Amino acid sequence: MSRLGAAAAAAAALAALGAPLLLGRGTLNDLWNLAFAVILASSWNILGGFAGQVSLGYSAFLGIGAYTTVLLSLRGLDPFATLVPGALLAAVFSVVVGLPGFRLRGPYFTIATIGVGEAVRVAASSVSFTGGSSGVRMPAGSFDFGRNYLAMVGLAIAAVAVAALVRRSAFGRALAAIRQDVDGAEALGVDSTRYKLAAHALSAALVALAGGLYAINFQYIAPGAVFDFRLSLSIVLMPIVGGIGTIVGPLLGALVVSTIQLKLLELPALRDSYLFIYGGLLIVVILFEPKGLVGLAGRLLAALRRASAPPRTAGAG
Amino acid sequence: MTRLLTVAVNSLLAAGLYAEMAYGLAVIYGVMRIINLAHAGIMMLGAYVTLTLFSRFGVDPFLAFFLVGPLFLAFGMALYRTVVRRLPRGGGAPTMGSLLLLFGVWLVLQNFAYLVWSGDTQSILTSYTMRSVSLLGVRVGVPSLLVFAASGASLLFLNLLLRTTYLGKAIRAVTQNRDAALLAGIDAEMISAVAFGLGCAFAGVAGGMLSTLYAFTPDFGRSFLLKSFCIIVLGGMESVTGVAAGALVLAVVENTLAVYTSVPISFQDAITFAILFAALVALPEGLSGLFARAPRLRGAR
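Line by line, the protein sequences are chains Z and E. Numbering-wise (this note's numbering), the first sequence opens with residue 477 and increments by one. Numbering-wise (this note's numbering), the second sequence opens with residue 2 and increments by one.
I should point out that these hints are in silico values taken from the structure, not numbers from a laboratory. Computed from a predicted model, the values in this text were never measured in an experiment. It cannot be assumed that every hint is accurate.
Not everything, but these chain Z residues come out facing chain E in the computed CB check (under 7 Å) [stated by the list, open to error]:
1) Pro576
2) Asp620
3) Leu758
4) Leu763
5) Glu765
6) Ala773
From the three backbone atoms N, C-alpha and C, an ideal C-beta is built for every residue, glycine too.
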């Protein structure tokens, strides 16, 4: 990231953290949602974007984080202290799924992850300690929106920072090598399974943290909400719309998708059309600009530069 | 003994349905190396079209297949011409882009169904829906029998088509080796469109079959997509017999667990998924790989 980009990012982070001093509750709620979306999109992007392993089962990790927080809080733990076990559990689960799952390549892995998401949702609705399909409620008296807001925004900043650090590190370069050519990476001595597992675990842990904070703020969770396939879908949609494999892309995508969710879909005329919008977005992006908004911006900039540059004389020299 | 017979009969009946839905996925994969993630959406649409034909026009669901099949053939070809064709080709392996694109198509189809038919649970009740007959001492529902007969007939028809007609031979040729087929003068683009249409036709008819057995909503079909995928992984992606074998294996495992253990029915997806993982890890070449490996081992000795 350029120095200018880093300065802009720091300014945005400070503004988001200072927002409660100036803005009303409604706007802060929207910002809380945006921060939640940013965490999901940026974390998914570590495996899906950097390493090119597209998973449609991330609601499983979100749900594990949310359930761990509620169930441990009900046993008397401080809600914020439950975040760590939730993240660890999700990371362990990601490895359990990944060990057989990463034997599959590309689209085969993706299909298998649909199965993971479904299996976890069904399991959570069938067993008794999760409260079954009717869900569970947080213990009373643990709600403080100001604290929840700062925690979510802080985690969003941390998630973006982690993604940026990963991308610049040797770890990130190994993931990029896996994305570009997994056989080539193996031939150069990159243990692709181990790197994929590490990326999976890291992103799963971040998503589970967000799931825990979600539960703390919403106070009530049910399998239909936190293990929903639609959630997995919007987690994937955000980085793809914004620009898969970049740092800024998931932020833009989170902004677009959460705006659609909060503003557009609140309109009565559009309430029943969100699958049209999501599916249509996916089709349009894949067909016309697979690099998403970041790719589109790059093309526009290049076009502008070409238009403003003085035309070269042909055949000079 | 009766339990064994129950498993055998129910597995066979389920396998017919499974083969029908898995073949739609297999033919598209074979010709284009694309995994049709919209498969579940097309099955769902097939169920609703069958429902509409039944409730509005009084067409028996099993006769409706003669309309649903051609209709979805045309729909699939149109979908190929308008959307799928524009995808960049990934060579040998299916691309992420194709998967996500068809995922988008699936979502759009779902939303379409919500708008047209609402999100309410629907089912088709004919005069014979609740009727059952005794087969080898096992009670089986009449619709299950009819589904088995219909899918057997359509797979036979397909086999005939693939073996005897030019079109069928061309489809098999492109499946085996696209470049060689192009060199032999086969219009691979046209064959791809037909194969996509054929895949959608099978998915649509399979959806119609499901509608005679189960209640459905626009969200329906995800676990059947997973089953179809499991079957083509087991059976290999190319041949009709392979698909049938994979369908039988899945059906036998499911029914055995249902009859002999107390695994709740809601865990079926998890079971399918476990079989899928086991198959992928233990048999990367599918069941046919197992058979192909046996003579090689013998030869080595």
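Here's how the hints hold up against the structure:
Hint status for Z/Pro576: holds, given a least beta-carbon distance of 5 Å to chain E, under 7 Å. The interface hint given for Z/Asp620 is violated, since its Cβ lies 36 Å from the closest Cβ of chain E, which is over the 7 Å cut-off. This hint holds: Z/Leu758 has a C-beta 3 Å from the nearest C-beta of chain E, less than the 7 Å allowed. The closest approach between the C-beta of Z/Leu763 and any C-beta of chain E is roughly 6 Å, which is under the 7 Å cut-off, so the hint is satisfied.
Interface hint status for Z/Glu765: violated, as the beta-carbon distance to the closest one in chain E is roughly 11 Å, over 7 Å. Hint on Z/Ala773 is violated. Least Cβ distance to chain E is approximately 20 Å, over the 7 Å limit.
Checked against the numbered hints given earlier, this structure breaks hints 2, 5, 6; the rest are met.
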